[in-house]
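Residue numbers (the numbering used here), protein chains in the order written: chain A, 1 to 338; chain B, 1 to 346; chain C, 1 to 497.
Source of the hints: derived by calculation from the structure; they are not laboratory data.
Derived DEER-like restraints, expressed as beta-carbon distance ranges: (1) C:R360 / B:R100: 57 to 67 Å; (2) B:R338 / C:K61: 24 to 34 Å; (3) C:R369 / A:R10: 44 to 54 Å; (4) A:K154 / B:W334: 51 to 61 Å; (5) B:R335 / C:E56: 16 to 26 Å; (6) C:E56 / A:S176: 51 to 61 Å; (7) B:R181 / C:R360: 43 to 53 Å.
None of the values given here were measured: they were computed from a predicted structure.
No residue lacks a Cβ here, since even glycine has one placed at the ideal position from N, Cα and C.
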Amino acid sequence: MISLRRITKRSEPYVLAAIILLSLLIQVRSGQFFSGNNLVDLARSLIVPALFSVGCMMVIVSGGIDVSFPAIASLAMYVTDKLLLASNYSGNVILAYAISAGLGLLMGALNGFLIGFLRLPTLVVTLGTSSLYTGLMFGAFSASASDVPPSIAKHGKEILFTATNPTMGLTSNMPSQILILIAVLILAFFLLRYTMLGRGIYAIGGDETAAERAGFNVRGIKMFLYCFVGVLAGITGIARISMMSYADPSTMLGMEMTVIAAVVLGGTRVTGGMGTLTGTILGVALMTILSNSLILIGIPTYWTRVFTGAVIIIGTGVTAHQTISTRRRRAQSQKAAA
Amino acid sequence: MTTTKTADSVRRGRSARDPNLLRLLVMLVFVFVLMTVLRPNQFATMADFNSMMRQFPEYGIMAIGISLTMITGGIDLGVVGTANLSAIVAAKFLIGTVPRGAAPAQVVPYLIIAVLLSLSVGLVCGAFAGMLISRFNIPAILATLGTQQLFTGIAIGITSGRPQSGLPLLYSRIGNMEFFRFVPISFVIFFVVAVGVGIMLSRTRFGTYMYMMGTNPRASRYAGLNNTSITLRTYMISGLLSSVAGLIMMARANSAKADYGAPYTLQCVLIAVLGGINPNGGFGTIGGVTMAILILQFLSSGLNMFNNISNFYRDVIWGGVLILVLVFNKLLSWREERRAVRKSMN
Amino acid sequence: MAASVLRVEGITKSFGGVQALKGVNFDIAPGEIHCLAGENGSGKSTLIKVVSGVYEPDAGKIEINGQQFSHLTPKEAIGLGIQVIYQDFSVFPNLTVMENLALNNELMDKRKLMSYKRARAIAGNAVSQIEFDVDLDERVENLSVADRQLIAICRALLQEAKLIIMDEPTSALTKKEVKALFAVIKRLQARGLPILFVSHKLDEVFEISERYTILRSGENVARGNTKELDRKTFVFHMTGRQFEDEFYRPSAAKREPILSVRELSLQGAYSDISFDLSPGEILGVTGLLGSGRTELVETLFGISQPDAGKIFIRGKEVRIKSVKSAIRKGIGYVPSDRLTEGLFLPQSVERNLAITALDRLSDHFGFLRRSAIADMTRKWIGELSIAAKSPALPVWALSGGNQQKVVLARWLANDLSILMLNGPTMGVDIGSKYDIHVLMRELAARGLAIIIVSDDLPEVLACASRILVMRDGAFVQELDPSATTESKLSELSTGIA
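With the hints as constraints, model all of the structure from the sequences given.
If you want it as structure tokens, here you go:
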């Protein structure tokens, strides 16, 4: 009884219901949604936003907001790409991931320093560093679409399995990068739930002063958090270009808004302290289905943004409504108790 | 003794808000002098002033709109979407109704209708965002993130993503008109907007209400302020200003398109913060915002004159300046805080 | 006499040339409840911070369980068993009760990983120590203020507290909750745990403590056994001033009621409320938190709409649709939470004062008449003797009492006929409290009709000319303050004899 009440208060079930309804609608109208290749295509386009969303969710839980991760991912992958091309490296792709993650770490550390140590407002800081990093990429490195080194190209061709749609004769490949997403999810789950560091992120989002008094190293945790987001962004960058098999510096820019929207849609509280990985992934899935599958029911692609916008507005509206009505209910129950 | 003390603290109380303006002014002069020294033959010439006056009004007007919403404790990330959508509506109307080869005198009524149409689209867009925020209690950052997608989406949808060109010649002729062959009409519009909004903020009741609600919406409710209506009106003004910016963009490009000015959103937020608008609401002046606009315009125009420096360094410098200003303000406020603590022990 | 748990001697501390503590001495014996009293700014918090290791004293010694220190670090203080329970309790609203209790321990043990099994055991043990019945899996934000405080106490116990310091622990509690808290404190005392109870409320000092120390301007002006202390001396030591006994009688001439309320109901808050209010009267409405008292006055102020019933002003039926319409009808309201509902803290005194009168202080185009605003501000700063160096100062720079006067002035600047005050002197020091009471009586004598909502019973008795007791959303009884007592009032509002 009590646990049922707790479940209906969460937003994951609503997002899941929306996904199911939308899927069924598309399935009924087109008959193509539950085909193997469509599902694999969806999983494929989910990988990059989902990787981003993990870090983004953690930042929002800590009470901050980060809009710089696409810029970090782009600059990190681009520099790595150029570096490897210039040195004619043809070894393992692990090195590419390592370099890009390292660059991401450095860029994230700048965010962490400004936010954790100087206590500057997160939105403004990351807006600034975002502008800084994209500017460096296009300015100092005069970035433009470029080839990828053989190791990354080869990594991009590694596929887990191929799904074929018998009626349309279309095939889709499940990229191996999905394994990275799974690994990151497991790591993040463990980190958030079973380490003091992870609990510290939630604690800071709940009450920063209380966290400090309790003995959490607030600066250190924030530093770690933004570094972690940087590392994740670096990895995401390489995953993205290996799947596209060329390095387009602007392919990820502008994703921050939809990723944040997906995270909030998934029930992460904008003011911090609450958020789950399950909700986040559901939120990303809903946004991905919207932008990928509407074409299946005959809605031209250039209308998809209208739907994304509508989903953000409706989704956040429902969440806002929920928080207000729980607050009211709580006030009433307190009154009853008094 | 007491009177001098009071006068002194009044002065201190006022100057507590002024340092930011002063700092901005110093920065403005510094950038100006720097560029003039480095590029004496190009920067600060008549031609350069003219081109700068053509560039900043479109994003400057949007920055003022965003600043207003930030003063009330919100933010409007939907300004660019609003600008493009309203421009597209005007463009579609003009393209669809003005007969080919019509004489200028015949076109004028169409132009007036198009401008009014565009301004009303801006007002409606703003009212929609304002309603989401004030009636449905959606946090402003998310509501306007949504409206930005929605408005841009509608703009893409009704144009299939194609630019709308073939506007009557008269429109761009008026839009690119220059007074005394020097002052572009867009600059005049910016000037009027800045002065008007500045007066509204500092001299009217509504301006005070905006600051007070931005400081503490709960207290403003208990003081009898109508938060819903203040929010609604603020976002409507922001929408209206966006559509003005959209009309200017349309005149400059002689067309309208759903993705014009995409990077302006972040630039405008940056300008507002640099100009001293408190992101938590309640504080900031149009004077500060205007100076921030000028600083960034001087910087980017100046940098354009260096052939070996890519245009994209502008982003680096904007980001860098923003962060430096933040760090600097922080260090200063730490010093002030320490002083205040010491004073409060008195 | 047994050795002290804590003894401080000659503690001085100054900040940038200002002496916050000037040689303070005091001591706490084992198992003793000791009250540290003093007005805001008397040095209480500085002293607590010295004892808990946050500040390093300039001179003096601290002796804990026989060990001598010239100063402590926060870690040492915790290690020695000194636990401070802050006013905001320092809990995590978004986490469960279990985590709130266990996290500190896990951090103290320098653990890197979190075990929910261990956490449950720790938390279960902690709540059982004070017989606190709570769902360990509930989020703390869903608990009442009193429960959050008990969580903070449990957490202190978990860290092997040898001395618990409670900083103004009752400021956000209702009378009933205060009683429950005192029971917990007694239980802790029975286990031999000494408690330093920091407060400026004299009733509490009398009720709970055995010995007291009173600070004023950084000096301890009085120490001794609470039994030997009386009200008058206490107030004198706290403020350094002598006060007249307070009470208010309206002029005998009965006037026509200005406000009449008939069978007013709001679902879930109050029902069937009827009363009359005449100019010159001070109506005291008292009752527990949740009795519907706040909702009632907020309905009269247009914050919420009643479901049934009628409101008459000067005999004419009115509908109060919004705060604005309440203001137009001459009603003003000083909300209970000054900091979040009453004031715009970082804005200037002038703006805070003028905000409700801007309609009058601007022309019909909406332009502000600045000199009129400045004149009005100056007038009210003078009239209420608000201690503000300049009207341009942010209002947070003022003391609690002066802040409250700013909120009052805001309403007085309008042409008011009815003023409602919710907890008018909450968190205000005794001196300003006295001033505010005098002011209310003056205003009533000048013909204003006043409603005070308060659970500060001595205040209601001292100020009101008529008292209405609310319980569970209904009026229980109307009382004459001169013919009733605090215990009678408390009995009526709790329903417990």
